[in-house]
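Asker: Work out the full structure, taking the sequences as your base and the hints as a guide.
Just so we're on the same page, my numbering is the position in the sequence shown counted from 1, plus 1419.
Treat the hints as calculated values from the structure; they're not laboratory data.
As the structure is a computational prediction, the values presented were derived from the model and not from experiment.
Backbone N, C-alpha and C fix where the C-beta goes; we use that ideal spot for every residue, glycine too.
Be aware that one or more of the hints could be misleading.
Listed next, with one range per pair, are the computed distances between beta-carbon atoms [as the list claims (entries may be wrong)]:
id: 1; residue 1: Ile1549; residue 2: Thr1603; range: 17 to 23 Å
id: 2; residue 1: Ile1549; residue 2: Arg1431; range: 57 to 63 Å
id: 3; residue 1: Thr1452; residue 2: Val1599; range: 29 to 35 Å
id: 4; residue 1: Arg1431; residue 2: Gly1604; range: 45 to 51 Å
id: 5; residue 1: Phe1430; residue 2: Thr1603; range: 44 to 50 Å
id: 6; residue 1: Trp1585; residue 2: Ser1465; range: 45 to 51 Å
id: 7; residue 1: Ala1556; residue 2: Ser1500; range: 24 to 30 Å
id: 8; residue 1: Val1599; residue 2: Ala1621; range: 16 to 22 Å
id: 9; residue 1: Gly1522; residue 2: Arg1432; range: 25 to 31 Å
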Amino acid sequence: MLAGVDGVIRFRRGLRAVVAYVRAAPGTYVWLTVLFVTTVALHHMSPSFEADFLRQRSTNIHELSDNPVRVLLASAMWIPSGRWLPYAVLYTVFHAQAERWTGTVRWLAVCAAAHVLATLISEGALLWAIRRGVAPASAVDTLDVGVSYALAGVVAVLTYRIRRPWRYPYAAAVLLFFGVPLLTGRTFTDLGHFTAVLIGLACRPLVAGPGKTRNPKETPAATRH
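Answerer: Here you go:
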């Protein structure tokens, strides 16, 4: 009987901790909710309709030329892979931590800077390649939606959440993770991801001072947010 009561108490404590964590990162979980709804919607579309639908919300050269603001916003509300759960994990590990640390406004500013600037730079590079015959002219209509540029920027800015000297191996791992595909694949999305990382690292003045840096050796209970 006592074991059952103790289990209920632990469950309630765990539930309260989860609720508190989510409430401390409202932007992250509102965004995740939108992505869940749009992912469900994608699963109800035929493959041909889905491709056309996403292309109209893509930050490709064609759409950026006609509706830059609309597609920059709309492209961040869809996951082309149709797999939401991995992003729920990534958002919880990275976005929620960054939002809890910096506050919603500054977290959102980092996301916007990484998403918008990395998109414009990578698509600009693609346009340069098209004009020089390196890429086909049809690449102006390529599919380019998703949230990975914003995620890469936030992963990078979390470097400053970690105390020295631990932040240096973390930063090196992030640069390696996103830099190797750029060297081997050399696609415009690889360039976009690496650019987003550099933008995230450049956002240090934006996030400087909002909270205590974290020592990876500390336990979660010992770390104050």
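Asker: Are the hints correct? Go through all of them and say.
Answerer: Tested hints:
At roughly 22 Å, the beta carbons of Ile1549 and Thr1603 sit within the given window of 17 to 23 Å. Separation of Ile1549 from Arg1431 is about 58 Å and conforms to the stated range, judged on CB atoms against 57 to 63 Å. Restraint check, Thr1452 to Val1599: a C-beta distance of roughly 33 Å satisfies the suggested window 29 to 35 Å. For Arg1431 paired with Gly1604, a C-beta distance near 48 Å keeps the hint of 45 to 51 Å intact.
Here the CB-CB span from Phe1430 to Thr1603 is close to 47 Å, well matched to the stated 44 to 50 Å. Restraint check, Trp1585 to Ser1465: a C-beta distance of roughly 49 Å satisfies the suggested window 45 to 51 Å. Between Ala1556 and Ser1500 the beta carbon distance is about 27 Å. The supplied range of 24 to 30 Å therefore holds. The beta-carbon spacing between Val1599 and Ala1621, approximately 21 Å, falls within the hinted interval of 16 to 22 Å.
Range check, Gly1522 to Arg1432: about 26 Å between beta-carbon atoms, so the 25 to 31 Å window is met.
Checked against the numbered hints given earlier, this structure breaks none of them.
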